[in-house]
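J.: Residue numbers (UniProt numbering), protein chains in the order written: chain X, 1 to 293; chain U, 1 to 358.
Among these hints, one or two may not hold up.
As the list claims (entries may be wrong) - No farther apart than 30 Å at their CA atoms in a straight line, the calculated lysine-lysine pairs in the DSS-like style are these: (1) U:K108 with X:K216; (2) U:K102 with U:K18; (3) X:K105 with U:K21; (4) U:K184 with X:K105; (5) U:K174 with X:K285; (6) U:K132 with X:K216; (7) X:K187 with U:K75; (8) X:K105 with U:K180; (9) U:K333 with U:K356; (10) U:K174 with X:K216; (11) X:K187 with U:K131; (12) U:K132 with X:K187; (13) U:K174 with U:K114; (14) U:K333 with U:K305; (15) U:K108 with X:K285; (16) X:K216 with U:K131; (17) U:K132 with X:K285; (18) U:K180 with U:K114; (19) U:K11 with X:K105.
To be clear, the hints were calculated from the coordinates, so they are not data collected in a lab.
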Amino acid sequence: MSEKILEKIRHRRKAQLLLILSLPLAFYIIYFLIPFIAAVGVSVGLILPREVQLQRGEVITLRYYMDAINPIFLKVLGKSLYIAVATTVLCLVLGYPLAYYVAFKGGRYRNVLILLVIVPFWVTFLLRAYAMLSLLSPEGVLNSFLINTGIISKPLFLIYNENAVLLGMVYGYLPFTVLPLYASLEKISRVYVEAAKVLGASPVRAFLHVTLPLSKPGLVAGTLLTFIPSAGEFIIPEFLGGPNEFFVGNMIYSAFIEAQNWNWGASIATIYIAIVIAGIMLYLKYVGEELRI
Amino acid sequence: MEAEVEIEKVKKSFGPIKALKEVSLTIRKNEFFSLLGPSGCGKTTLLRIIAGLEFPDEGVVRLGGRVVNDVPPHKRGVGLVFQGTAVFPHMTVYDNIAFGLKMRGYKKDEIDEKIHKMLEIMNMPFEIYAKKRVDQLSGGERQRVEIARSLIIEPNVLLLDEPLGPLDLKIRQKMQIELKRLQKRVGTTFIYVTHDQGEALTMSDRIAVMQRGEVQQVGTPEEIYLRPANRFVAEFIGETNLIEGRVSGDNTFAADGLRSVILSSSSNPENIMGDAVLSIRPEKILVGDESAGLVNRFEGVVEEKIYMGAYAVLKVSIDDKMALTVQVQPAEKVNGIRVGQRIQVGWSPEDATVVKPT
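All chains should be modelled from the sequences, with the hints used to inform the complete structure.
T.: Structure (structure tokens):
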């Protein structure tokens, strides 16, 4: 008797859970899963096959992948991954001390300080990339200032190179590193650090053995939130990189829009997503072990 | 007796708040010393100053004879058990206890051996507990891990900041006895901060009662209970009846509208004259026939009768001027007493103490 009731309750709970999840689930399926499957479909020619493919009578083909994997693509791929890693590392190096000091030394100004980190979000990403451009370009703010003050006579060429892209990426993604780091650091009770000190740890060792490992969830979240979008970034290279700085994001963009070759675009997009997912899984496998804090 | 910790005229303020006004204390080697007082009395601040987590504005702190005012916490070699707990949540029991040893550069096999011994003392078998994660432990077990972690570095002083606060009453009582036993076994000086007077009385060799940043009295539990130095201590430690009045030269105490109370020579250790407060513990007051023959004997009306299990409490009003709380043990003694009945109450002169009115 009572088991029947329990069974009923369990069923009802399941139904409720499904009801609550149905909307977000539907959203993800429609806007995320289906397009992704469609992209994979296009990349193997199952969807939108090209004329040539039809003439050969192939329903599914790996030809687009084989065409995509060429030295130019591999070079662009390597460069994109390198810039994404460099952006992530720089964001962590700059963001960790920032998050740390706001969390532990910010006192009652903490909320204001962290708000300042969020403020750039109020302006759209595109506009911020444009702001960077007007700041660094040969006729830009920085160069005019340096020339007017007589420090230099000719404008420095600060844009359209890899460093400009890196600078723009770090500027754009730093808040994504700082926010999860702050959230995680702020939760760490002072008591743990004090305990470490009383037990004989110098401030540096207390940080390395206690604060740093306890901030790991924020470190992991910050790394992923920075690495994933910066790996596929194409606005910043477009603005600050010029024609020489060509990244995977730009390549996908030009394959779809300029070359109008969707199969090609879909295949390089799929390759890139697969590589990024594999990288993230490796990362999580390596650091995620003790993540259950 | 050799001094382990000496606090000399220590002052500490946080902004406008004077946490410690001028505290001097000497804590002896191997004693169980409690800092007792209500929250905000400065006891935790004093503890943190001894640990080196706060620095005094004025005054001197000595550990084992050495002035440590400017020594950072990691070079003091004291142990500190925090309020709540501060066991590291990202480490196992083993790593928590090993932490202090690792910081001191001990080798793996030495650490292993010491942890084995320590867990044995703590009644936590190594095989069961060493690899456990902190979130798999109960509150009492976490507390023991933290104490083990502090003791394993063999500190001269172990500071404990209300370590039993979050635990259930039963476990707390068990841990009180365990802690006392542990202290005797390891012989370390314990300085124990608590707001629970029962806890302090049970465990301590000596107690310092603190209020508003000042030490009110230092003494053994018995001295503090039976001979409180002032009104605050009398009220804070246990239950008591306080009667406001005056002490006259002939060793009597007079309260408004009350026949004068006879005092003994030991009732007034500080020789207070004039305005004073008389403190009589509820269990020292006898009722009915048992009070016959006592020099301080009054008649009153029973206003309330409360059964407490092991004992009973009577509220007796004397001429509507004064209400006395009387504790009667065993509780059965009050069976024949009815509310509203007139009753005799009395106490011996040496069972009352005169304290300063403020």
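J.: Decide, hint by hint, whether the structure agrees.
T.: Here is how each hint holds up against the structure:
1. Taking the CA atoms of U:K108 and X:K216, the gap is near 26 Å; set against the 30 Å cutoff, the hint holds.
2. For the hint linking U:K102 to U:K18, the alpha-carbon distance of about 38 Å lies beyond 30 Å, and the restraint is violated.
3. About 28 Å separates the Cα atoms of X:K105 and U:K21, which keeps this hinted pair within 30 Å; it holds.
4. Taking the CA atoms of U:K184 and X:K105, the gap is about 41 Å. The hint is violated against a cut of 30 Å.
5. Using a Cα cut-off of 30 Å, the hinted pair U:K174 and X:K285 is violated, with the two alpha carbons roughly 44 Å apart.
6. Between U:K132 and X:K216 the CA atoms are separated by roughly 20 Å; this keeps the pair inside 30 Å, and the hint holds.
7. Our distance criterion of 30 Å between C-alpha atoms is met by X:K187 and U:K75, whose separation comes to about 27 Å.
8. A distance of roughly 39 Å separates the Cα atoms of X:K105 and U:K180; the hinted pair therefore is violated under the 30 Å criterion.
9. Proximity of U:K333 to U:K356 is assessed by CA-CA distance (about 34 Å); at most 30 Å being required, the pair is judged violated.
10. Proposed proximity of U:K174 and X:K216 is contradicted: the alpha carbons are some 37 Å apart, above 30 Å.
11. At most 30 Å may separate the alpha-carbon atoms for a hinted pair to count; X:K187 and U:K131 meet this at roughly 25 Å.
12. Simply put, U:K132 and X:K187 have alpha-carbon atoms about 23 Å apart, close enough for the 30 Å limit, and the pair holds.
13. At most 30 Å may separate the alpha-carbon atoms for a hinted pair to count; U:K174 and U:K114 meet this at roughly 25 Å.
14. For the hint linking U:K333 to U:K305, the alpha-carbon distance of about 12 Å falls within 30 Å, and the restraint holds.
15. For the hint linking U:K108 to X:K285, the alpha-carbon distance of about 28 Å falls within 30 Å, and the restraint holds.
16. Of the supplied pair hints, the one linking X:K216 and U:K131 holds, its CA atoms being roughly 21 Å apart against a limit of 30 Å.
17. A C-alpha spacing of about 22 Å is found between U:K132 and X:K285, which places the hinted pair at or below 30 Å, so the restraint holds.
18. At most 30 Å may separate the alpha-carbon atoms for a hinted pair to count; U:K180 and U:K114 meet this at roughly 22 Å.
19. Our distance criterion of 30 Å between C-alpha atoms is met by U:K11 and X:K105, whose separation comes to about 25 Å.
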